[in-house]
Structures are given as structure tokens and as C-alpha cells.
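Novice: Using the hints provided, position chain B relative to the given structure of chain A.
Respectively, the protein sequence lines represent chains A and B. Sequential numbering from 1 applies to the first sequence in this note's numbering. Sequential numbering from 166 applies to the second sequence in this note's numbering.
It cannot be assumed that every hint is accurate.
Claimed, not checked - Listed below are several chain A residues computed to face chain B (Cβ distance under 7 Å; list not exhaustive):
| # | residue |
| --- | --- |
| 1 | GLN30 |
| 2 | CYS40 |
| 3 | LEU41 |
These are calculated hints, taken from the structure and not from any lab test. None of the values given here were measured: they were computed from a predicted structure. Built from N, CA and C at the ideal position, the CB exists for glycine as well.
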Amino acid sequence: MNFPARPLTIGLALALCVSSLSFGTAAFAQSSKKVEWHRCLITIYKSKNMVPQACEEYAALVAIDPKDAQIRFEYGAYLHKMGRVKEAIVQYKKAADTNPSNPDYQGAVGDALVSLKDYSGALAYYQKAGPKFAGKLSTTSAYVNQLRQINQYNADLKKRQAEDE
Amino acid sequence: MVNDRKLPGMKNRFKLGVALLAFGAALAPAALAQDEGPSVTLMKYVGKAQDAMKVGRYQEARDEYRKAIGLAPKTPEYYIGLSDACYQMKEFDQVAFALQKVIELNPAMKDECAGEYGEALFHLGRYDEAIPYLKSGLRYIDSPAAKARRTAIAAAPPVHVAPSAPPESVIRATAAPPEKKEAIPLSSIDPASSAGWHSIAHKHQEIDINKANQTLAGAIRSEGIVIAEYQGYEKGDINFFHPPKAKFRITKILKGPPLNKDLPVRYEFKERSSKEGAPAGWKFSDDKMPAKGSSWIIFLEWCAPRDGMFDTYEGSFGRLPADDENLNKVYAELEKHSNR
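Chain A with its partners taken away, still in its complex shape (with noise of 0.2 Å):
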């Protein structure tokens, strides 16, 4: 009795496929319930300000899935709010570059920047913000302005007075 190769290949390739979905779909329930735990531990270490083991926690998310952009944003605010600026601007540039449609990933580098008054770098930031960070944009590029004036003036007022001398 011949069977038609046709129907048996389609029929193989179609049982390849539910396997394969079963598996897919039991490796994402694993990473979702590693997800949902480890943002438990985190909000219990925030609470208590275990701040080490907190951001062991980030990281551990983080590692989870790289390209989760609103994880690295959370983490980076954490950062940010430790004291810990050079980090977040780490995850925020992250969180920014994985979805540079995002204003808030966009606007939180560039406010961090601008706690470490790279004004200019901040400028750019903002910029790409679009609306939502306009107000800190006109703010930010009156201040770079009258700095710019400022260091000039006080260039020029040197140069006279080296020139008189």
C-alpha cells in the first residue's frame, strides 16, 4: 500500500509544530513565574531598603530579557533614585535605545544628565522627547543659552585684562 509522500510530510511538519508550541509555551509560563518572583522579591527588598539585594533583583530581570525596555527604565530609576546616576543613564540608554518611540526612556536621560549637568547632552535627549519634555527643553536650552553667555562674557573679560596687562 503506497502512501502519498505529500499529506505525510505536511501532517510531520504540523506535529513539529504543536510540539514545538507546547515547548514554547511552557518556556514562556517558566519565564513569566521567574518574572512575577523575582518582581516580588524586589518590591519586599524596596520596602525593607535592602538596597544590594534589590538591584540583584533588577539585574537578575534584566538578564531574563535583555530587551525588555520598560524593565531597564524601572531599574535605572531605582538607580537614580539611590544616588546611583551613572548607572541609570546606563539602563535608561538601554530602555531608549530598545524603544526610542518612548518619550518618558528619551526624557529620564535626560533628566539624569542634567543631575550631572551635561546640559548640552541632556539638550539632545529632550529633543528627541518630542512634546511631553518641551517645557524642560525650552528650560534646559534658556539655561545652556545664558551659560554659553556666561562663559563668554567671562572669556572675553579675561582677554581684556590680559591684553591690558
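Specialist: What follows is chain B alone, placed relative to chain A:
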């Protein structure tokens, strides 16, 4: 702040458990012939619970798992099912209770349940208790044992709980007594005999009608059937023919009207149809009464007391210990009657 994400539950673990049960039932008929396997009623509850879970009727699933646990309180898989259903409804106190029972009944499953248990404790605000369980769960989930288990679960076929024939003991217990159709003998068939036609007498056949009703099928026809806990008895002038007033506390009503939880019962020491007297040397003492706190199935002939006490069906026959075997028989018989 924890994101309120919908997570898949522990269906896979329960699926494996019930698949193993089904495999056991299919592949070990000889062994099962000795202990008759899970009852029809129990598997009905489990099947209903699974069906309800599939379509998202979690409250129904929870209730069915609770009934299954009532019949088989030492089966961890049913507690897992219960925790799954309660998780979906965010009843974390129930999730914590169920998983605690799983760990109690099967300490080997501690690691497997640790993560979910920790999560439940977290939601209940028990942070200090939650931390070690959450960490244990995270360690376990990546372990080779967990991976092997997930592979086994993925490879297990879907569970189909089909109704099967009730075990023989249930069939025997619920069978109606056989009708005896014997010919009534005539004293004489000779019309010329001095006895004469008109004096043809037949031997009166003694048929004990009450005794014929001493089956579970008869008891099921009682007006009330309850599960009750024995609390004690009233002291007084007690002898074999003057039974005491036993105090029971109803825990569940299987049939009949909603009676008061306190149930005074005429605690007869013999079956009503018995014509035997007291056994030689019988004397009432505390050991003639059941243990306090013991659970009994009580068949109440009438749900109205007589002289301040309820009568049980056929006297002492109408009290059965509420163990799994008797409960299964009663549930099976009640179901049979409800299907008519």
C-alpha cells in the same frame, strides 16, 4: 510595584499527576482489582473541575476540587488543582493553604511548590516568610530536575476522564434484594383426603419485611441523610432496650431539610428488625458509644424527632462510619437515585 500580569497556573503539574493516575488505572488492572481505584464520584468531581478550569469557570473548579479533596483528602494533586483555581481568582489565602497541604502530604514537592507558595505569601503581606520560598522557587525552576519534569509534562497525553463502571462492592451494596418466588406448598393435593379442598392450607411463609429493607438502597430512601460528628451522650437510665440520647453535630446535609446543626439521636444498639434480645452479659458502658469527634453518616428515617430524639433508619443499621468507602457508596447510591 508588581505588575498585575496574568500568569499561567500549575495546570501542567496537575495534568501530569492526573495523567499518572489514569496511566496507573489503565496499566494495573490486577492491582486495582484489589483496591478498586478512584471512585466514580471522585473522578466525576475531578473531571468537572478540569473542564471548568479549561473554560475559565474558576469558582466552579474550586468547588469541585474541594469536593474531590473531601473524598480524597490525602491526594496532593487535588490541592494543586485547588491552588490553581484560587490563584486565578486571586484568593491567595486559599492558594497558600492548598500549597501548604501539598508540602505536608508530599515533602518531596516542596521545591516545586516553593515559588508559588512564596508568591502567595507575598500577596498576603507575609514578606519575611515569602523571601526564602521565592528564592527556592527561582533556584528550582532552572534546575535539571525541573527541566526534566517539564519535558515529561509536555510529553504526557491529554487526560480524558471517562466515566467507568462503579466497582463491584458498590454494585453489590446497592443491589436490590432478590425476590424469592417459591411455590406455596399445599397441605394436600388429594381432594379425597380428610383435609378437603376447603382445608387446603398453605404454610405461611415468614417474610421479614423490615429485614428485606436493610440495604443501602433502602437507607437512601430515608427522609434525611447527614454527616455528623459525635459529641457525647446524655447520661441516664440506659440499657440495651432503652438507648441513650447521643449528641451529634451535623457537618454536612446530603439529603433532606436544613436541620439544626445539633442533632440528638436515639442511639439504638440493635437493628430494629432484629428479634434477638440483648447479648448475654451485655452492660452499657462508655465503650459502647463511639469516639468523640468521630464522623458518621446518619440516615434519619424521619426528619422529625420523637420524644426529643431522631430515629435512625433501622436502628443501629442507620449509622455508618463516615470513611471514604462508605461515603463513596452513599454518594454513588444518591447519584443513582437522582438520575431516575
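Novice: Take the hints in turn and mark each one as holding or not.
Specialist: Okay, the hints, checked on the actual structure:
1. GLN30: Status holds, d = 6 Å.
2. CYS40: holds, 4 Å
3. LEU41: holds, 5 Å
Of the numbered hints given earlier, the model fails none.
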